[in-house]
Amino acid sequence: MGIEIEQSHPSVELSSIAISETHGENSPYFAGWKAYDEDPYHEITNPSGVIQMGLAENQVSFDLLEKYLEENSEASTWGKGGTSFRENALFQDYHGLKSFRKAMASFMEKIRGNKAKFDYERIVLTAGATAANELLTFILANPGDALLVPTPYYPGFDRDLRWRTGVNIVPIHCDSSNNFQITLEALETAYKNAESMNMKVKAVLITNPSNPLGIAIQRSVLEDILDFVTRKNIHLVSDEIYSGSVFSSHEFISVAEILESRQYKDAERVHIVYSLSKDLGLPGFRVGTIYSYNDKVVTTARRMSSFTLISSQTQHLLASMLSDESFTDNYIKINRERLRKRYDMIIEGLKSAGIECLKGNAGLFCWMNMSPMLENDTREGELKLWNEILNEVKLNISPGCSCHCSEPGWFRVCFANMSEQTLEIALKRIRDFMNNKDRKDIEN
Amino acid sequence: MKLLSTKATCNSHGQDSSYFLGWEEYEKNPYDVVQNPKGIIQMGLAENQLSFDLLESWLAKNPDVAGFKRDGKSIFRELALFQDYHGLPSFKKALVDFMAEIRGNKITFDPNHIVLTAGATSANETLMFCLAEQGEAFLLPTPYYPGFDRDLKWRTGVEIVPIQCTSSNNFQITESALQQAHEEAKKKNLRVKGVLVTNPSNPLGTTMSKSELNLLIDFIKDKDMHLISDEIYSGTVFTSPNFVSVMEILKERNDLKDFDANVSERVHIVYSLSKDLGLPGFRVGAIYSENDMVVAAATKMSSFGLVSSQTQYLLSAMLGDKKFTRNYISENQKRLKKRQRMLVLGLQKAGISCLKTNNAGLFCWVDMRNLLSSNTFEAEMELWKKILYNVKLNISPGASCHCTEPGWFRVCFANMSEDTLNLAMKRLKDFVANNNGEECSSNKRTRSTQASRSFSRKSLSNWVFRLSSRDRHEQEER
Numbered sequence: 016m017g018i019e020i021e022q023s024h025p026s027v028e029l030s031s032i033a034i035s036e037t038h039g040e041n042s043p044y045f046a047g048w049k050a051y052d053e054d055p056y057h058e059i060t061n062p063s064g065v066i067q068m069g070l071a072e073n074q075v076s077f078d079l080l081e082k083y084l085e086e087n088s089e090a091s092t093w094g095k096g097g098t099s100f101r102e103n104a105l106f107q108d109y110h111g112l113k114s115f116r117k118a119m120a121s122f123m124e125k126i127r128g129n130k131a132k133f134d135y136e137r138i139v140l141t142a143g144a145t146a147a148n149e150l151l152t153f154i155l156a157n158p159g160d161a162l163l164v165p166t167p168y169y170p171g172f173d174r175d176l177r178w179r180t181g182v183n184i185v186p187i188h189c190d191s192s193n194n195f196q197i198t199l200e201a202l203e204t205a206y207k208n209a210e211s212m213n214m215k216v217k218a219v220l221i222t223n224p225s226n227p228l229g230i231a232i233q234r235s236v237l238e239d240i241l242d243f244v245t246r247k248n249i250h251l252v253s254d255e256i257y258s259g260s261v262f263s264s265h266e267f268i269s270v271a272e273i274l275e276s277r278q279y280k281d282a283e284r285v286h287i288v289y290s291l292s293k294d295l296g297l298p299g300f301r302v303g304t305i306y307s308y309n310d311k312v313v314t315t316a317r318r319m320s321s322f323t324l325i326s327s328q329t330q331h332l333l334a335s336m337l338s339d340e341s342f343t344d345n346y347i348k349i350n351r352e353r354l355r356k357r358y359d360m361i362i363e364g365l366k367s368a369g370i371e372c373l374k375g376n377a378g379l380f381c382w383m384n385m386s387p388m389l390e391n392d393t394r395e396g397e398l399k400l401w402n403e404i405l406n407e408v409k410l411n412i413s414p415g416c417s418c419h420c421s422e423p424g425w426f427r428v429c430f431a432n433m434s435e436q437t438l439e440i441a442l443k444r445i446r447d448f449m450n451n452k453d454r455k456d457i458e459n
Numbered sequence: 076m077k078l079l080s081t082k083a084t085c086n087s088h089g090q091d092s093s094y095f096l097g098w099e100e101y102e103k104n105p106y107d108v109v110q111n112p113k114g115i116i117q118m119g120l121a122e123n124q125l126s127f128d129l130l131e132s133w134l135a136k137n138p139d140v141a142g143f144k145r146d147g148k149s150i151f152r153e154l155a156l157f158q159d160y161h162g163l164p165s166f167k168k169a170l171v172d173f174m175a176e177i178r179g180n181k182i183t184f185d186p187n188h189i190v191l192t193a194g195a196t197s198a199n200e201t202l203m204f205c206l207a208e209q210g211e212a213f214l215l216p217t218p219y220y221p222g223f224d225r226d227l228k229w230r231t232g233v234e235i236v237p238i239q240c241t242s243s244n245n246f247q248i249t250e251s252a253l254q255q256a257h258e259e260a261k262k263k264n265l266r267v268k269g270v271l272v273t274n275p276s277n278p279l280g281t282t283m284s285k286s287e288l289n290l291l292i293d294f295i296k297d298k299d300m301h302l303i304s305d306e307i308y309s310g311t312v313f314t315s316p317n318f319v320s321v322m323e324i325l326k327e328r329n330d331l332k333d334f335d336a337n338v339s340e341r342v343h344i345v346y347s348l349s350k351d352l353g354l355p356g357f358r359v360g361a362i363y364s365e366n367d368m369v370v371a372a373a374t375k376m377s378s379f380g381l382v383s384s385q386t387q388y389l390l391s392a393m394l395g396d397k398k399f400t401r402n403y404i405s406e407n408q409k410r411l412k413k414r415q416r417m418l419v420l421g422l423q424k425a426g427i428s429c430l431k432t433n434n435a436g437l438f439c440w441v442d443m444r445n446l447l448s449s450n451t452f453e454a455e456m457e458l459w460k461k462i463l464y465n466v467k468l469n470i471s472p473g474a475s476c477h478c479t480e481p482g483w484f485r486v487c488f489a490n491m492s493e494d495t496l497n498l499a500m501k502r503l504k505d506f507v508a509n510n511n512g513e514e515c516s517s518n519k520r521t522r523s524t525q526a527s528r529s530f531s532r533k534s535l536s537n538w539v540f541r542l543s544s545r546d547r548h549e550q551e552e553r
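Respectively, the protein sequence lines represent chains S and A. Its first residue numbered 16, the first sequence is counted upward by one per residue in our numbering. Its first residue numbered 76, the second sequence is counted upward by one per residue in our numbering.
No lab work stands behind these hints: they were computed from the structure. Small disclaimer: the values here were computed from a predicted structure and weren't measured. Accuracy of the hints is not assured; some may be wrong.
What the hints assert, rightly or not - Heads up, simulated DSS-like pairs for lysine-lysine below, C-alpha to C-alpha not over 27 Å straight-line: (1) Lys113/A with Lys49/S; (2) Lys280/S with Lys117/S; (3) Lys374/S with Lys409/S; (4) Lys311/S with Lys228/A; (5) Lys130/S with Lys374/S; (6) Lys348/S with Lys82/S; (7) Lys113/A with Lys413/A; (8) Lys117/S with Lys103/A; (9) Lys399/S with Lys443/S; (10) Lys398/A with Lys311/S; (11) Lys49/S with Lys103/A; (12) Lys311/S with Lys132/S; (13) Lys148/A with Lys82/S; (14) Lys397/A with Lys148/A; (15) Lys125/S with Lys399/S; (16) Lys375/A with Lys397/A; (17) Lys82/S with Lys136/A; (18) Lys285/A with Lys136/A; (19) Lys132/S with Lys280/S; (20) Lys82/S with Lys144/A; (21) Lys103/A with Lys136/A; (22) Lys348/S with Lys125/S; (23) Lys215/S with Lys181/A; (24) Lys398/A with Lys375/A; (25) Lys113/S with Lys413/A.
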């Protein structure tokens, strides 16, 4: 029972960070969520509700996790010869549970087809990749400095990298002319751009595989990026949160592999971010990591992780799960297959509706091209179409402008956060929408 | 090379302080009743290990909860996907009820005003980000928890200006000390945004009096600033006076029609389950505020340090069991009281006294001024090292808590068995007796001072040697 407080007099100041909008939550990305929250689809109770396709969650492999838990109850309990409750409850060492770090390192190796090695002593644990990215930004850059980030990028970066850190994002513009690949030219342009705004560039931050594009970055491009950051003497952060969601293991090249092939020359400038939120579908458990080849970064990140440690209860659970090799081998394989199947389904479905997508090979979403459908080849045109799709077709998808895409008309559409049946219904709605549009065009 | 940020290269993380060296020495030579009976006994760690059996027995009676089941059904998927920064509603409800229970149900908390964070460490930093700009300041009464130097200042760029408290009045906060601190900040051109107190106090182990609390509220009213009350030890009050939360004082003043809307919006509470429940590993902290803007901003910021949904669920069930919590709170307090008595008596037998107002916390604030070779912090450090290397006890020197008077130490009592505590007291008794034995005459005194000086020189060089091989395990504790 709160007391009604009249807000007439100016209340005591909060910080500028607290009142700024840099948390980014007024963007359309979040507005779509609200529309979904107010009218969520349910196959029985609300079959005409909004279908959520703006949420990059992986719900296709929970049964594998549930089976593991059923067969290995010691992972979620204590005692019986394993970790005691007392020991686990007291464990707040910011180095993290050794068994968990080892299991994590080995899991990261498996995902990369054992093409790169990870030293568990270089793993720093954080409560999610959200925390990992912010932490790295605090460590690598000062307020006013800049990070170069290729567009389109994950909308959350605007908050994660900038809000409390005071660091700027300067976009590396990518476009459809070459399937949105990062070019040296684009890198140089972005760098000069930052300089012209009097910002010191401290790092390039890439997401590989890319969100929202859904593709793994090609080896030659990674080599170029590595050479670029070396030339400019800056850092490279590679957010590999979707590394386990690549449909075919050969197609993903981690920057770790390239560094190994270069005998770790200049590796000190490279830092990898990972998380279990996408590959394992566990965003609620808050499990992120920073893997750095730079000793000072590892030490500092570890100290800073005090602000964002992973619950030791959760570390205990996952140490058990991820050190079970037969489980992880099987999970990685099956998860990939199921994601590929979903991807094929959505691509086919969209094709039959007359919509093309970027040819992807990873992630929990596809990058859909609706530019032919725009009334105006502008951001406004894109938002108009987005609104139509949200309110008439009742699908929440993510408009490219919320990802800072320089070309209007592209949308990110998630496919792994719903049942196959729901996906079918969504695809049908799109087909109907496109058919109606065609009919209207013909009539006009 | 690749430059790192100023934050990364500065020392504001505070981990080069000698405070952490004690921990390191302990790690190299930890006491174990069987394996290493001559090892160092850890008395610098404010952990509550006295009531785990109560938690374990609850878990044994409720096996489904840890197994992600609710009413026999698996809710694993639901929990795995739950990352809403508003927090699990059932957990927030259980938590605010628990907080109310600890305060004798004299106040109630609204679950919509609570923000969950990964530990109080995260909560305190988040409040700094919300309430102050880089370069602004908060006033903190000394002595205070050494971790604040990192938690409040490191990434936020906020400054701490001390409110000097002294033993003359058992380290209570006075009006003049507050004003002096404010003046001090002004001189340094620092804009003060608020006061942060820990109540019950760490390292003093005392609850704040009603008059202190009223003083603080008057002060922040007058100066237009915030008040943060870190009540992380609120459940550890084991003897009178009872714990009085700042929220209670606000309610009293409201009831007396001394209501000031502004003030209620400027008081924020921090809480955590790390001390009362002994669960530091689970990272459960909270901010409670009646200020909607603070709650809104802090909630978004909590994205950077959410509590694992697995843990939220476990604790929503445990804390939702009112029979359990009522029993836990009272039993835990009884055990803490017994332990504290043991420590106090043991110290007494060694001729050492502690703050007589100690009625809370997991430690005593111990007066070793009469053991100092001189009334200086150098002497305090000397004594600390002797106790660490010769007596083999790791305790926390007052200097690391920014105490203005040398000679005070924080000694923890709840993170070991009774036998270990008794052994620690025996060692201390022997140490003091040996020290005293050498002070019968001034000649002997000179000899002893010389002996202790040359001794400390020896230990100093060993110390320096150890210093160069450090940096393997830096750990902090409250």
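task = Mind checking the alpha carbons of Lys215/S and Lys181/A for me, to see if they're no more than 27 Å apart?
result = Given that 27 Å is the threshold and the Cα spacing comes to 54 Å, the pair is violated.
inquiry  = Just to be careful, I want the Cα atoms of Lys398/A and Lys375/A compared with a cutoff of 27 Å; is the pair within it?
reply    = 34 Å, violated
task = Take a quick look at whether Lys125/S and Lys399/S sit within 27 Å of each other, Cα to Cα.
result = Roughly 44 Å between the alpha carbons, so the hint for Lys125/S and Lys399/S is violated.
request  = Assess, step by step, whether the Cα of Lys375/A is no farther than 27 Å from the Cα of Lys397/A, and give holds or violated.
outcome  = The hint is violated at about 30 Å.
inquiry  = Hint check: Lys348/S vs Lys82/S, CA-CA at most 27 Å. Holds or violated?
reply    = Holds, at roughly 16 Å.
query = Taken at face value, is the distance from the CA of Lys413/A to the CA of Lys113/S at most 27 Å?
reply = 36 Å, violated
message = Need the status of pair Lys398/A, Lys311/S: alpha-carbon distance at most 27 Å?
response = It is violated: about 49 Å lies between the C-alpha atoms, which goes past 27 Å.
ask   = Taking 27 Å as the top limit, are the C-alpha atoms of Lys311/S and Lys132/S close enough?
value = 20 Å, holds
request  = For the pair we were handed, Lys374/S and Lys409/S, check the Cα-Cα distance against 27 Å.
outcome  = Holds. Lys374/S to Lys409/S sits at ~25 Å (cutoff 27 Å).
ask   = Is Lys280/S within 27 Å of Lys117/S, Cα to Cα?
value = Given pair Lys280/S, Lys117/S holds - Cα atoms ~24 Å apart, limit 27 Å.
ask   = Are the Cα positions of Lys148/A and Lys82/S separated by 27 Å at most?
value = Holds. Lys148/A to Lys82/S sits at ~14 Å (cutoff 27 Å).
Pair hint outcome, Lys82/S versus Lys136/A [Cα-Cα no greater than 27 Å] = Holds. Lys82/S to Lys136/A sits at ~24 Å (cutoff 27 Å).
Consistency note: the structure conflicts with the earlier hints numbered 1, 10, 11, 15, 16, 18, 21, 23, 24, 25.
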